[in-house]
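Under the working numbering, the first residue of the sequence shown carries the number 1, and numbering increases by one thereafter.
To be clear, the hints were calculated from the coordinates, so they are not data collected in a lab. Just so you know, even glycine gets a beta-carbon here, dropped at the ideal spot from N, CA and C.
Simulated pairs of lysine to any residue, SDA-like, Cα-Cα distance not exceeding 25 Å:
(1) LYS121 to GLN29
(2) LYS121 to ALA37
(3) LYS121 to PHE43
(4) LYS126 to GLU46
(5) LYS33 to ALA16
(6) LYS126 to GLY41
(7) LYS33 to TYR58
DEER-style ranges, computed between Cβ atoms:
(8) LEU23 to ARG218: 25 to 35 Å
(9) LEU36 to LEU176: 34 to 44 Å
(10) ALA180 to PRO84: 20 to 30 Å
(11) ALA100 to LEU219: 16 to 26 Å
(12) ASP77 to ARG209: 31 to 41 Å
(13) TYR62 to HIS95: 14 to 24 Å
(14) ARG133 to GLY41: 20 to 30 Å
(15) GLN89 to GLY64: 31 to 41 Å
(16) ILE99 to PRO171: 14 to 24 Å
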Amino acid sequence: MTLISLLGNYWASVAAFAVFGLLHSVGAQEPCKDALARWTGPFFVEHFWRVLYCGLSYAALYWGVAALHWARNLDNDVWLVVYPEWLWQIVTAVHLASIALLYAAFLQSDYLEFLGLTQAKRGVLKLLGRPVRQPDLKLFGTHRLVTGGLYGWVRHPMLAAGLLFLLTSGPSLNNLVYSAMYAAYMVVGGYYEERRMIRIFGQEYLRYRRRVGAFFPRLRLATAR
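Generate coordinates for the entire structure from the input sequences, incorporating the hints supplied.
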């Protein structure tokens, strides 16, 4: 298969993934939230934007990009190579480990807050005039810098675990192209997320970045402070 034919098969999903990556990164930035707050009011952004953002991201990625990628290229879902039994067992073990890592990072990030469910619950309670026992939360990712656990090994464990999951999902052309698109998003999205973290946490994040790798553990791991 030539590069021209490859682009012909996957141009739609590549374009859709690029649009998704742009909107996903922009939607997580404070300027976007500030602009949205001026239009809808701070209450909506503080309590309901995160859950809407996650829901729209899921729908765009799995019902938009994935549908264009796999549904348009069913013939490319066959494996390009057949693993020997010993290698298949190793790949399966690593694949399961990637799921465990993804789940652990998800839990460590406070998954209810990560998905916006905690904020949405608080918003609903306030709208209903019910008492809210805990003090107000700041927007997700702005009120604390997590540097322990998996975040003491890599700065973006969810992205790293996601790539590991894709790379061990089977050597089909569809999976390889999707993994390449995902890896490109990791680099670009990670860059803008790093800039956001520096704006929020300043020197604290710069010190953290110097001792912890972005997607791969460094050979000498310093103790998180």
